[in-house]
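Visitor: As they're listed, the protein sequences go chains A and B. The opening position of the first sequence corresponds to residue 1 in this note's numbering, with each subsequent residue numbered one higher. The opening position of the second sequence corresponds to residue 1 in this note's numbering, with each subsequent residue numbered one higher.
Since the hints were made in silico from the structure, they are not lab data. A couple of the hints might just be wrong.
Unchecked claim - Some chain A residues judged to face chain B by a derived CB distance under 10 Å, without partners named:
| id | residue |
| --- | --- |
| 1 | Trp-6 |
| 2 | Thr-7 |
| 3 | Leu-32 |
| 4 | Met-34 |
Using N, Cα and C, we set each Cβ at its ideal position, and we do this for glycine too.
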Amino acid sequence: MMQFDWTTFILEILNFLVLVWILQRFLYRPVLAMLDARQQRIKDETEQAAQLRNEAEALRQQYEQRLADWNQQQETSRRQLDEELAQLRNTATENLKQTLADEDAKLRVRNQTLIAAREAALIREAAGAAYGQAAAMLQRLASPQLTQRIVEVFLQDLLNMPDSEQAALRKAAAMLIAASAVEVLSAHPLSEADQARVTAALSGAAGQILQFRFKEDPALIAGLRAIVGECQLHANLADELAFFRRQANHG
Amino acid sequence: MNNSESVATTVFQLGPLAISNTVATTWGVMLGFVLLTLLLRFSRQPSSLRNLLEAVVVAIEGAIAEVLPAASVRRVLPFVASLWLFVLVANLVGLIPELHAPTRDLSATAALAVLVFGSTHWFGIRDRGWRQHFRHYVEPSVILLPFHIISEFTRTLALAIRLFGNIMSLEMAALLVLLIAGFLVPVPLLMLHVIEAVVQAYIFGMLALIYIAGALEPTESDISAIPEE
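Same shape as in the complex, but just chain A (with noise of 0.2 Å):
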């Protein structure tokens, strides 16, 4: 059983190596040739693939960097807005304030205004009842003595006017027309006394001789108005009564 032959002996050492040779030659070469270009390519695909990590990480990083830069960009807008929005609002709450006030104050002097015009008509119409009433009273106090005591005070006062007056007098006295007459109205007839003095007085306070028409006018209540030209002197209670309610109506 354990022969051993020498001729099969080499022959299996040569067979060997040539199968050896033919299995390097045809077999382990290519495959191994192609397992290191299969390796070779998944390395370049895992570096490829490794890069394309790296580029979109870095991508990544650079859209979130932008995303974080917008939304503070946002953000501060945001705040810039909300100031000028509250500026605006401080603005338009001053100028409502303002405007508030003044309408505040128009009301004021408008509600003022109707006031004072109300209590000047309240004053217009308690002055018009007051000359009602004392135009009545003086309509039933009224006389010849009254219209007589009149006239002297009328007299005493021609005696006693200021120069300024009297100059205006003696103007308006000058310019009469040679047919013009000076016209005394009364509230009563005058004597022919008084109605001399009158004339006398007129004259001397007019400085030259004039003409005289005396006139009743029951209007004047009691006393006299003298009428020069385009100067009149009151001496009775209907023109003292108008120029008191005028005082009041103006006052």
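Based on the hints, put chain B in the right spot on chain A.
Guide: Positioned in the frame of chain A, the structure of chain B alone reads:
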């Protein structure tokens, strides 16, 4: 399996050389490998056979890389991978009727063992040089030189005898069972033959790989020659 005889016989005469059935079967195995590699070479499309061969080569490369340094893997791979593939196929050939496994012939196993013996020195000298390679025979002491030499021959002899003995005994057992028990009875034994063929191929190739790794392994003088930083 030829049940008439279990020894190598001359099949034909090639000039002065008597070609035994062992050599003829080996040529048949080689022809099969050649056809397989040609089939792989001319098949451009991926196929199951191509994937299988790639897987086998990758597995063998991985097994070698676990034992040898990375720089020596591709250099040793053709020899060790061929040992594994050839011994495996040669062991399994015995399952084919009328054929004998070449590895049941001591001449064939001895040839493979001698090739392993020679390859260890070939790779050792090529990798480390004559002086460094043969220095390990006198390390750590010159006294160990005879023992190293005896070890070299005994392990080579053991390599040849182990493969021959296992495969020859398997075929003998199968033949005896077939003769005694009859047809189909030795089928379980043939299953054992398959396992044994794989195991013996693995052992043979792995021992060769370990012997080569021992030759490539740096000795104490190599380590001491490294300058300290």
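Visitor: Which hints, by number, does the structure contradict?
Guide: Hint check: nothing fails, all pass.
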